[in-house]
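Chain B: place on chain A using the hints.
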Amino acid sequence: MKFRHKSSQQDKTELSMTSMIDIVFLLLVFFVMTFKISAQEGDFNIKMPQDGEGQADNTQLPLKLRLKADPAGNIQEIVLNDSQSFGTNWEQLRGYIVQLVGDQTGPTDDEGPEVEIDLDYNLQYVHVIEAITSVTGYRSGNDVVRLIDRIKFAKQRK
Amino acid sequence: MRIEKKYTPPAEPDLTPMIDMTFQLIAFFMVLINFSQSEQNDKVVLPTSELAKPADTPLEFPIIVHLTNTGSVVIGGDEVSIEAMRSRLAPELSLLKLEGKTAADANIIIRGHGGVPGGRVQELISKCQDLGFQNFALRVKEEI
Numbered sequence: 019m020k021f022r023h024k025s026s027q028q029d030k031t032e033l034s035m036t037s038m039i040d041i042v043f044l045l046l047v048f049f050v051m052t053f054k055i056s057a058q059e060g061d062f063n064i065k066m067p068q069d070g071e072g073q074a075d076n077t078q079l080p081l082k083l084r085l086k087a088d089p090a091g092n093i094q095e096i097v098l099n100d101s102q103s104f105g106t107n108w109e110q111l112r113g114y115i116v117q118l119v120g121d122q123t124g125p126t127d128d129e130g131p132e133v134e135i136d137l138d139y140n141l142q143y144v145h146v147i148e149a150i151t152s153v154t155g156y157r158s159g160n161d162v163v164r165l166i167d168r169i170k171f172a173k174q175r176k
Numbered sequence: 034m035r036i037e038k039k040y041t042p043p044a045e046p047d048l049t050p051m052i053d054m055t056f057q058l059i060a061f062f063m064v065l066i067n068f069s070q071s072e073q074n075d076k077v078v079l080p081t082s083e084l085a086k087p088a089d090t091p092l093e094f095p096i097i098v099h100l101t102n103t104g105s106v107v108i109g110g111d112e113v114s115i116e117a118m119r120s121r122l123a124p125e126l127s128l129l130k131l132e133g134k135t136a137a138d139a140n141i142i143i144r145g146h147g148g149v150p151g152g153r154v155q156e157l158i159s160k161c162q163d164l165g166f167q168n169f170a171l172r173v174k175e176e177i
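These protein sequence lines are chains A and B, in that order. Going left to right, the first sequence walks through residues 19 to 176 as the numbering used here numbers them. Going left to right, the second sequence walks through residues 34 to 177 as the numbering used here numbers them.
These are calculated hints, taken from the structure and not from any lab test. Please note that the accuracy of each hint is not assured.
[As the list claims (entries may be wrong)] Below, in silico cross-link-like pairs of lysine to any residue (SDA-like), each with a Cα-Cα straight-line distance of 20 Å or less:
1. B:Lys76 to A:Ser56
2. A:Lys65 to B:Asp89
3. B:Lys160 to A:Met66
4. B:Lys174 to B:Asp75
This is chain A alone, in the form it adopts within the complex:
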């Protein structure tokens, strides 16, 4: 019996890529459109139990940071312990804190000095964060040098 060979052209089954490419491009467009570049976020942790329940400052460094605001809510004066004024210069405040607590070893969560921040009601939150940043530490290259980790707010001023 004689077998008739089919031509190789007829044997070739072609996979249709069109639908797959359509879906792949749709996915790509979806991801490109929903992609959002956002900066990293971090937290400043504050432990503030109700009055009188917190752990007392176990160091001899009473730090009371008074932040005065102008009527527009901008920082007007930074005063530490009712005596030392830094004008509106956060770097000076940080330098003073470095001198005070040293930067050899960072504090742990439950020990080290505590800063009490006493602010005017209308002081913009962004300045409060500047104050917390100044007393909490600073960046040295890629590393963060910790200064004071324990922060609390004084009674609210009206």
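Chain B in isolation, oriented as in the chain A frame:
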């Protein structure tokens, strides 16, 4: 002269490199996409800090509270006033109780708008303290 007709197959472009590249792009975007929209709010522009770094370990029982530019509070998509926070936080407190925990075990993450008065943040903290919360995290954006 007789001209012989040659069979010329239709020219097919090689799609393999293009598909490879497209799949790599999809993989790239899939890895980087951020679906955590619950942590974002249009009315909040976080203040920046050079010390902002994502925490190494996630906070235990986090409750995200947005303090918007209008001074209102947004919790889980519901906009309420600071004064009305107690009723909005009641389900969270019940959930904590069910898990055998107290408000002191939870962490309130405050995402405050940079322009709101600092006193408003204090008010918010004070209201939470009245409910028994004592751990707060002030969320900031990395300074670029």
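Here is how each hint holds up against the structure:
For the given pair, B:Lys76 sits about 16 Å from A:Ser56 by alpha-carbon distance, which is consistent with the 20 Å threshold. As the CA atoms of A:Lys65 and B:Asp89 are separated by approximately 18 Å, the hinted pair is consistent with the 20 Å bound. With a C-alpha separation of about 12 Å, the suggested pair B:Lys160 and A:Met66 falls inside the 20 Å cut-off, and the hint holds. About 15 Å separates the Cα atoms of B:Lys174 and B:Asp75, which keeps this hinted pair within 20 Å; it holds.
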